[in-house]
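Chemist: Use the sequences and the hints to build the structure in full.
If you're matching them up, the sequences are chains X and A in order.
The numbers in our numbering rise by one with no breaks, and the one at position 12 of the first sequence is 12.
The numbers in our numbering rise by one with no breaks, and the one at position 79 of the second sequence is 79.
Any given hint could turn out to be false.
Claimed, not checked - Where chain A lies over chain X, by a calculated footprint (3+ residues, C-beta under 8 Å):
#, stretch
1, 150-162
2, 165-171
As the list claims (entries may be wrong) - Quick list of simulated restraints, FRET-style, between CB atoms:
#, chain 1, residue 1, chain 2, residue 2, range
3, A, K72, X, E162, 27 to 35 Å
4, X, E156, A, L32, 42 to 50 Å
5, X, P140, A, Q52, 57 to 65 Å
6, X, G177, A, R6, 32 to 40 Å
7, X, M143, A, R66, 53 to 61 Å
8, A, S63, X, G177, 50 to 58 Å
In short, the hints are calculated from the structure, not lab data.
We treat Cβ as the ideally placed atom computed from N, Cα and C, and that holds for glycine.
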Amino acid sequence: MRNFRTEYADKIYSQSYINKPPTNVSPEIPDKSPSNISPVNPDKGPSFVSPVNPNKPPSNISPANPDKGPSFVSPVNPNKPPSNISPVNPDKGPSFVSPVNPNKPPSNISPAKPDKSPSGISPTIPEKGDSVCNAVNSCPLAMAYVPWQSWNQVYEPPKALERGTLFPELDLPFLGGGAY
Amino acid sequence: MNELLRRIQYLSFVLVEVNLYLDTHPTDMAALNYYHTYKALYNRALSEYTSQYGPLTPGTVESRNRWTWIDKPWPWEREA
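Modeler: Now the structure itself:
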């Protein structure tokens with residue numbers, strides 16, 4: 001019904017994952033190349049990951065330095081072996097990624113399948129099978145995307161009060177399982 | 001409900017809406033013009049209401065010889 005939501009999600013999808021469709025790689029696949037977040041070209045629109053030199057070994061999220069306070073994306077050390085999400089020491093405070101077995105091959109993003117998630121935390125995705133949900137499911141965890149609003153047609157004041165918003169583009173009644 | 005009161009309600013609602021929009025778009029002239037247009041309509045409706053029925057809020061008490069806020073009927077008790 002509201003196609004702009006799909007279009008926006010597709011736009012974000014294409015900007016964030018230039019030339020590379022994102023895939024969720026299960027940690028159980030040992031020979032998969034350790035890179036799900038492709039190197040981001042700083043010239044190409046919004047980027048949510050700092051630019052990574054593509055000549056460096058693939059490494060997006062390196063081990064957090066415990067001396068430096070909270071750090072979720074630390075500088076890339078080119079000498080380190082490919083690693084995206086480092087083994088997390090459970091003693092080191094809050095972690096949003098569950099401990100990874102260091103003997104396992106590098107893995108990036110926890111699997112989309114709820115039953116395979118090592119953290120036991122799985123995103124609640126409506127099973128609508130539409131492209132919005134699929135694109136969201138492929139985005140990096142814990143990233144919020146808020147499109148910039150612009151001033152367009154607005155409701156007449158009585159209608160605005162009735163609908164609970166002045167903006168037709170925000171008039172998205174919750175229908176149990178998603179807003180459409 | 002009193003039609004004037006209803007008008008005040010929806011006008012104040014759209015003022016809050018455009019207020020929130022302007023918080024993040026402070027130089028959006030279309031939104032700012034909208035705000036001033038509807039602020040003027042709101043002020044007019046509010047003073048019209050106050051002159052007919054008395055203060056709608058304590059802040060709109062205008063009488064110099066009596067604190068009319070406590071006078072009945074309360075805004076929500078008025079019919080038609």
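Chemist: Each hint needs a verdict: does it hold in this structure or not?
Modeler: We went through each hint and held it up to the structure:
Three residues within the 8 Å Cβ limit are the bar, and the stretch 150-162 of chain X against chain A gives 6, so the coverage statement holds. Against chain A, the stretch 165-171 of chain X contributes 3 residues with a C-beta closer than 8 Å to a partner C-beta. That satisfies the three-residue criterion, and the hint holds. Between K72 of chain A and E162 of chain X the C-beta distance comes to about 30 Å, which sits within the given range of 27 to 35 Å. Roughly 19 Å separates the CB atoms of E156 of chain X and L32 of chain A, a value that falls outside the hinted 42 to 50 Å.
With their beta carbons about 58 Å apart, P140 of chain X and Q52 of chain A fall inside the hinted range of 57 to 65 Å. Between G177 of chain X and R6 of chain A the CB atoms are about 34 Å apart, so this pair conforms to the stated range of 32 to 40 Å. Between M143 of chain X and R66 of chain A the Cβ separation comes to about 59 Å, which falls inside the hinted range of 53 to 61 Å. Remark: the range hint 50 to 58 Å for S63 of chain A to G177 of chain X is upheld by a beta-carbon distance near 54 Å.
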